[in-house]
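S.K.: Single-letter residue listing:
Protein chains: 2
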Amino acid sequence: MFNFEITYRSPASKARLGMLSTPHGIVETPAFIFCATKAAIKGATPQHMRQEKTQIILSNTYHLMLQPGPEIVEHMGGLHTFMGWEGPMLTDSGGFQIFSLGHGSVAEEVKGRRGSTRPKSLLTINEEGATFKSYIDGKRHTLTPEKSIQVQRSLGADLIVVLDECTPFHVDKAYTEQSMHLSHRWAERSLREFQSVPEGMQALYGITQGGVYPDLRRQSADFVNSLPFFGHAVGGSLGADKTQMAEVVEMAMEPLDPERPVHLLGVGGVSDIFYGVTQGIDTFDCVHPTRLARHGGALVPANLWKSLGEDPRGREHMNLRNARFRADPRPIDETCGCQTCQTFSRSYLHHLLKAGELIVMHALTIHNVHFMNRLLTAIREAIAKDQLEDAKKYWVG
Amino acid sequence: MFNFEITYRSPASKARLGMLSTPHGIVETPAFIFCATKAAIKGATPQHMRQEKTQIILSNTYHLMLQPGPEIVEHMGGLHTFMGWEGPMLTDSGGFQIFSLGHGSVAEEVKGRRGSTRPKSLLTINEEGATFKSYIDGKRHTLTPEKSIQVQRSLGADLIVVLDECTPFHVDKAYTEQSMHLSHRWAERSLREFQSVPEGMQALYGITQGGVYPDLRRQSADFVNSLPFFGHAVGGSLGADKTQMAEVVEMAMEPLDPERPVHLLGVGGVSDIFYGVTQGIDTFDCVHPTRLARHGGALVPANLWKSLGEDPRGREHMNLRNARFRADPRPIDETCGCQTCQTFSRSYLHHLLKAGELIVMHALTIHNVHFMNRLLTAIREAIAKDQLEDAKKYWVG
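Chains A and B supply the protein sequences, listed in that same order.
Under this note's numbering, residues 1 to 397 are what the first sequence spells out, in order.
Under this note's numbering, residues 1 to 397 are what the second sequence spells out, in order.
In isolation and in its complexed conformation, chain A is listed as follows (with noise of 0.2 Å):
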């Protein structure tokens, strides 16, 4: 059933293509996964988003877990018939949100943009899991490596991921030692669960810690590769900025096994990902593009801003409330053939933003899922003839 074969390697760097095959189909890497946090796009339906060609797409245990919970799902025949994608899908353990939210941005963290303080929602962090109140009703839960498992079994997406501690950034380098040291045994309690129960319809991700710390990296990556994960997602905080994180990535991905997929968490900006991919990553995750449609930005190619002799730095995307777009007729992007391109201009987004229209969110978000879509075929062309540079130069500038 699952199977993940390199079909080509960048003689220039660590990029490769792939063809990540699951239940449900087959996944080309370098890939996107779109978030559908609550078992939903927010702003699109799993038609649409197979319209703007999505191939994958994950959901988050944590929120399904607390709504509508687990045996709900699995009464309803798991995620996929539940929610009606067909296709290939992953489940993060739910680790990441009860370490994270009640930060605000769960993303924040990890990246290190915050302080080291826990969420209030987090009661107990011990050996046997972590202990936490439902932000719904405030009832105390209890994850364990087991539990998360066995959640993750009956919500039955293909890629599953093991339970770890998120460790915070602000922390030193003792306590990301044991931190690590307690994944790693979380992660081993959660391999046994999983193959505890061998019907083959789901393959398990383990994940790399070691935070900034290159001999913890090496350490972490060493003790996941000798585990038969299927696959390996790069975890534990990234450092505190872009180039902490290029070094942090670089670090991590150098010791992992190179014949497995590797994901990186949380990651979806145009030039991480175009970083990550430089780094031998096969998938990236990000609430990102969505987000951002939501308030009103459409993703736009760098090329954009320089057909137009603006500078494009630092701009991945057009605001659409914007006041110079009041009257433009044109579509987001002229080169894009999403549904939204092809029907709405400027003018009328930026009216909608304006009004308060509901469809504005959901025509923003065709866009980004389109613009992600499109970007990530862009790098497979662009690995499988060698013309990265080329590819980048147009989408980042």
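The set of hints was computed from the structure by calculation and includes no laboratory data.
Be careful, since some hints might not be right.
Identical copies go unnamed one by one, so any copy, or any two together, can satisfy a pair.
Computed list of lysine-lysine pairs in BS3-like fashion (alpha-carbon distance at most 25 Å, straight line) [what the hints assert, rightly or not]:
| no. | residue 1 | residue 2 |
| --- | --- | --- |
| 1 | Lys120 | Lys173 |
| 2 | Lys139 | Lys354 |
| 3 | Lys354 | Lys120 |
| 4 | Lys385 | Lys306 |
| 5 | Lys242 | Lys173 |
| 6 | Lys133 | Lys354 |
Take the given structure of chain A and dock chain B to it, following the hints.
M.R.: Relative to the frame of chain A, chain B by itself:
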């Protein structure tokens, strides 16, 4: 360009079938007109509306005057191009919102369910027109009959409507009569302005007034019959409740020119549509189907409840928030062919509502749009077969 052909007259009532031809296509009547208030259906794109077999939509002159402004819509090629809807469209005169907004639900006032105070945003009404403050920026605007036609010309809908004073319910006969005469003078000025630019791409509807008073209704019908309007709309107060509304519609319809299409303003309940059709109404509009969707309600035929052995009376919709649907794998309505009923279960829709997910508004809007189009198709078929009473049993109970 414009034509209204009555293709069948029921022997049992004033119900009739018609073909309303416009420059953007033919509307088979009786038909329901969906409200794209600010040039957007809340929760569905024009493409979705076409997929669910929508014939005609309307936009509100009042809202579009203020945002984005008629000059922007005209600059972008008119409403059809601006919003991407190629089918027939209607705009109202803007009067209804001026006289009603500020009251919460704009329909409450005319339907007599509230006191007769005017909205605070309405500054003056005099012979010339109505002056009001914009709800967006507080700026003063004056809407005259001429201005309303000019704005509607810029917007470019197929069917447009004369400006009238929307008389509140709780006024006496003297006020109603005085208001009717003012509206008649405004109608003559609207018609004169309309005829001053004879381009043939728009057709004008007159509005019959007279409140709940039979002699005024007759007088107003004689007035609109005498002028070369393409169609008529039933306006003014329709009374305090459904019983009185039925009486008022009957007395308003009786003396109206039977060859012209007639629109019933702001009415869209299923049983109201069945009644309106038997009085010779050709088109209806109401925000109800799309607004209900945004609150978790799915329109269903009475027969659905009957097939479950439940009492259908007064239950024109299913509230998907209800806990009884938590683990219900069935679609909203097994007899419905909409995209939502083809894809999603009641259980999933219930989950989306609990989780506050955006796409549930879209999913229920699609269902309700499909429902209304299916209802009106069934009504047309029933008229053709002289089986309107049977159809009513299935849909209303």
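S.K.: It remains to establish, for every hint, whether it holds in the given structure.
M.R.: Structure-based check of all given hints:
Only within a single protomer do Lys120 and Lys173 lie at most 25 Å apart by alpha-carbon distance; the minimum there is 24 Å, versus 65 Å between protomers. In this assembly of identical chains, the alpha carbons of Lys139 and Lys354 lie at most 25 Å apart only when taken from different copies (17 Å versus 40 Å within one copy). Taking CA atoms no more than 25 Å apart as the test, Lys354 paired with Lys120 passes between copies only; the shortest distance there is 23 Å, against 37 Å inside one copy. Taking identical chains as interchangeable, the C-alpha atoms of Lys385 and Lys306 lie at most 25 Å apart only when both belong to the same chain, with a minimum of 24 Å there against 64 Å between chains.
When the C-alpha separation of Lys242 and Lys173 is checked against a cutoff of 25 Å, the pair qualifies only within one copy, where the shortest distance is 20 Å, while the shortest distance between copies is 74 Å. Taking CA atoms no more than 25 Å apart as the test, Lys133 paired with Lys354 passes between copies only; the shortest distance there is 18 Å, against 38 Å inside one copy.
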